Structures are given as structure tokens and as C-alpha cells.
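Asker: Line by line, the protein sequences give chains A and B. Heads up: the first sequence begins at 689 in the numbering used here, then just goes up one per residue. Heads up: the second sequence begins at -17 in the numbering used here, then just goes up one per residue.
What the hints contain is simulated information worked out from the structure, not anything from laboratory work. Being a predicted model, the structure only gives us computed values, none of them experimental. All C-beta atoms, glycine included, are put in the ideal place defined by N, C-alpha and C. Treat each hint with caution, since some may be false.
Claimed, not checked - With the Cβ distance kept under 10 Å, some of the chain A side facing chain B (calculated, not the full set): (1) Ala729; (2) Thr756; (3) Trp769; (4) Arg814; (5) Pro816; (6) Val862; (7) Val889; (8) Leu926; (9) Gln951; (10) Tyr979; (11) Val984.
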Amino acid sequence: MSAPTPTLAESGPETRPETQRRKRRRMTAGGVVVAVLRYLALIASAVLFLLPFYLIVRNALALDTDITAPGWQLFPKQLQWENFTELFTDPSVNIAQALLNSAIIAVLQTAGMLLLCSMAGYGLARIPYRWATPIFYAILVTLMIPPAVTFIPSFIIVSQLHWVDTYQGIIVPVLFSGFTTFLFRQYFLNFPRSLEEAARVDGLGYFGAFWRVVVPNSGAFFAAIAVITFIASWNAFLWPLVIGQDSSMWTVQVALSTFLTAQTINLHELFLAAAVSILPLVLVFVFLQRYLVQGVAETGIKG
Amino acid sequence: MSAPTLIAPAADTAPPRRRGRGRAAGVTGAFWLFVGPFLVGLVIFVYIPIVWSLVLSFSRAQNTVTPGDWIGLQNYLDLLRPGPFLDSLITFTIFAAFIVPLTFALSLGLALLLNGVRIMRAFFRSVYFLPTACSYVVASLVWKLSIFNGVRFGLANTILGWFGVDNIAWLATTSPPWYWLVIVTVRLWLQIGFYMILFLAGLQRISPELYEAAAVDGAKNAWQTFRYITFPQLRATSVAVLLLLLINAYQAFDEFFNLLGNSSFARPPLVYLYYTAQGNQDFGHGTAGAVILALLIMIVTLAQGRIFGFGKAE
């Protein structure tokens, strides 16, 4: 406890450095307690957030008798790695097909949406066409109506095209996202014009400038949109449920939901299937989190 | 989803340069090359379905998607009579009343906690964000079969058992309505990390000079700093988060479908419409319901824009 300096405390602005230093010192003294409390709260929250992952792993590698045993086993006495073989050879659970469907759909949807929406966004941002502004507003209007609410109208169109139970039925209608196009347009508006003009001097048209200059210099933004689209596509449920009605067209989410609601398979297989289904996204999280966080911060705020 | 009021003026493209016909034709061709494929898809998969369902909502359309059997507003009147559709709107209202403030407060709280530390910050951020990798289906599975399993071996019942509390049938009882606890916590777990990232981004945009100025001006404690600096500076983020939370709650489907199925006590609008259109093949009522929902969302979006002056701040 340092002694205060009462003689100076009452006087003018020249004492400010002194009082400020005192204040800062006091804050660091109490700051230790605050920091400890902060970390305790952070750790407690982290435990809660990780708890469901622990439950998935625990139950996925257990016998059903371990799961239903009285008392709580932190982990099964013996980890059942052979559950993997059981899951992938169970004829009533075609999880491999479901994973394949999800992978095909998520990859094609991500690629298709990046291609269509980036080009549309670039055209709207950079090409001075007479009708560009009205067309832009016509796209903006569609943002007012969330896609989940229009699943019945969309289903009607897909059924007229005889696309029910097909990959294109699940993939194509989702591609034309006004929101993603809007994000790309905003991004390209801020793209340095000088780079494109250099390309134009080199004799490239809009097409050449876009593919050779703009896209190669926009890797981080494309990656951010790609990661977000991929996750949304992999985790999508309502639309694949409506269109992929036959079990051969189930995505992994629809398959899991069917097993969950019908309770046709045993617990450990169900949890293992859940674990396998989140594995690709956990990998995306581990390796691409930078893009993901950037993408969420950008798209979320603008949404 | 976005409110159009957010949008910067559209006229910031370069002024048209018409140096002869060849140039203009080149511009037109280039524009359609870039925007054309997207527009064609937008018309087929967004505009036509919307118009089609508007038309169909005035028809009797059982087991068919062809309009023609005109019945005027009958589908709408049926839905707006006391019954399952209005019940579903009540369910949504209860759900939103829990999930919107809770997510808002908890994700803001976590963001503030995290923003105040240096060591291990990236680690904690990753941990809170990780549930975003999970689908609603997987989370529902864990909540239904493990955490809130109604039998003895469920985690919640195990813990309650240590304190001598009897098993609770979390999802199968309506008095008290414990299923709300299950429904709300599953969405909290899935979405808090996402909104925390939004708040973190907002917090990092606040200039440190503002805090220094506040300290000079005599902001005494953390609460005053939050009340007079942080929270007002987060206004744009907060408004966006509230709107997103509300719109997303409105579209709740996955966790209700997987946890409660077609149960009459808690059926949000999309679940009701799903069973109307896919289950009963009643596309007339299904499309009328979709139109009502779309209108409600548009009204909420516009009203929120009006009230908070959405977008003006940015």
C-alpha cells in the first residue's frame, strides 16, 4: 500500500499522470482477482461446451450395456473400436452411402454457388450495364424471404421437373442465393480497381480480368464463403429431407434423423454414426478456422 | 437473410462508357455472361415457385400442385381460425421469448469475457465456436438419447439421482413442460458460439481511445464502461444479431422435428407446414401457410428496420 500524495491531489491538470499511474496500479492489484474469476468462468463454459462431444465419443466407443449401466462411467471399461466395423457392415444402416451423398452434395453445392454467385456479384459490381441496378434490386427482394419458408413452393417446382430423389433436386435449387451474390458484390466493389485496369491494359476483357486477376487475388474471401457454404450444406436437414425421400438419396443428416426417430438401431451405432458425421467438419474447423471466423464475422454482420 | 435497407447505394458502378456500338454490345454481352446464369436460376427456383405458390394458395390442392379449383381465401381463413396453425405461431412466440434474449445475453457475455483476456484466448474461442460444426440432428440425438434421456442412465437424471431426485421424463411430459428446457438448451449450445464471434468482431471495432476518454471522464467501474461505451458502440451488431436470432427462431424446424416429432404441444410453424404438405399432401393449405409466414417475416424485418434505423449506423 503506497502512501497517497495529498498535497498534490487537489491541484491542477499537472497531477494527472500521477493519479493515472495510481489508478492503473490499483487496477492491476484487483485485476488479479478479476482475471482469475474470468478464467474460471471461461473454463466452466468450455467444459459445458465440450460436454456433448465427450458424450458422443464415450457412447460411440461403448457397448450398449456400458451406456445403460447404473452409475456413470466416465469412459467405457474397454473402448470398442470394433464398433466401426459393426457400423459400416450393418446392412440396415447404409451410412457409407449417406456419407457419400452428403459429400457429393456439399462439394457440388459449394463449387456451384461460388461459381454462380461470384460471377453474378462481379457483373453487378463492375460491369456498367444499363439494367444492372434494377436487376440488383430484383435480387435484393428475394433476401426478404427466408429459403426455409419457401420449401413447399420449391418442392412444387422440383417435383414438376421430376427431380425428387435426385442429386440435382437437392443441389440446384439452393445454388441461387441472393445473399451470397450480395456478399460477393459488396466485396468486389471494394476490390482495388487499379489491378483490373492493369489487366485491361494488357488486353483482357471482363472475363479474362475476372479469372486471371480478380479471382486469384481474392483467395481468402472465396475460402471464407466456401467454408461457410460447405458447413451449411453438410448440416442441412429440411431440404434434403423433403427431396431425398428414398433411402438411397438420404444425406447423413436425414439418415441419422431416421435412425433417431425410428430407434431402429442400437445406441452405440447411432452415436458412432453421429461422430463420423461431424468428423469432416471438425477437420474443417481445425484447419480452416481462420477463414471460417472471418466469414462468419463478415457474412453474419451483413446478414 | 438480410434487410435491403442495409445496402449501400447501388449506383456506385462506373458510369456507362459508350464508345460506339461495339463497346456497348460488349458490355451487354459481358453482363449477361456473368449475371445471366444466376438470373435464370433465380427466376426458375425462386420467382416461379413464389408466384406458383401464391396462385396455389387460392386453390383447393389436395394431392396435386396444379392450381385451378379456385376457392378464394378459404385456405387462409381455415388457417387463421383457432387451430394448429395459430397454435404453431404461439409455440414460436414462446420459443422466441426464451431463445432470443438468452442467446443474446450469453453470447455477448462470452464475447466480453473473452475480449478481456490475452492468454489462451484463441483456444477458448475455438472451443465455444466448435458446436457450430454440429448439425441440429446430431445435437438433438445427443440431447434426446444422452443428456435428457428420460430413463435412469441419462446424464441429467444421473446427476439428479445423486441428489435423490427421481427420474424426469424430459421430452414426454407436459406438466411441467420440461421439453422447453431441452429445446432451448440444444439451440443455445449450437448457436452461442456463432453470435459470440459476431460480438467479438464488433468489440474489436471499438476504438481504444473511447475507453481512455471514458476513464478520463470518470467512468468508475466496468459496468459504467459497458453501459456508456461498449453497449452503445455495439448497437449495429446488436440490432443485426437480434434480427438474425428472430428470423432463425422463426424458421426452427430441425430440433423440434427430431426431438418432438409431430407432437401437438410444441409444433412450430415449419413443422406444422411440413406435415401439412408432405404428410397430408395438402398443398393448398401448405402454400397459404408459407405465404402467411413469409409476410410475417417481411413485416418483422421492416418493422425492426424502422424502429432501430437499421443500416443507418453503418
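Asker: Each hint needs a verdict: does it hold in this structure or not?
Answerer: Hints, verified against the model:
1. Ala729: With a closest approach of 6 Å, the Ala729 (chain A) hint holds.
2. Thr756: 5 Å, holds
3. Trp769: For Trp769 (chain A), the interface hint is violated, since the closest Cβ of chain B sits about 20 Å away, which is over 10 Å.
4. Arg814: Result: holds, 7 Å to nearest chain B Cβ.
5. Pro816: 4 Å, holds
6. Val862: 8 Å, holds
7. Val889: Result: violated, 15 Å to nearest chain B Cβ.
8. Leu926: 5 Å, holds
9. Gln951: Holds, about 9 Å.
10. Tyr979: Interface hint status for Tyr979 (chain A): violated (13 Å vs cutoff 10 Å).
11. Val984: Check passed: Cβ of Val984 (chain A) comes within 5 Å of chain B, closer than 10 Å.
In summary, the structure is inconsistent with hints 3, 7 and 10 from the numbered list given earlier, while agreeing with the others.
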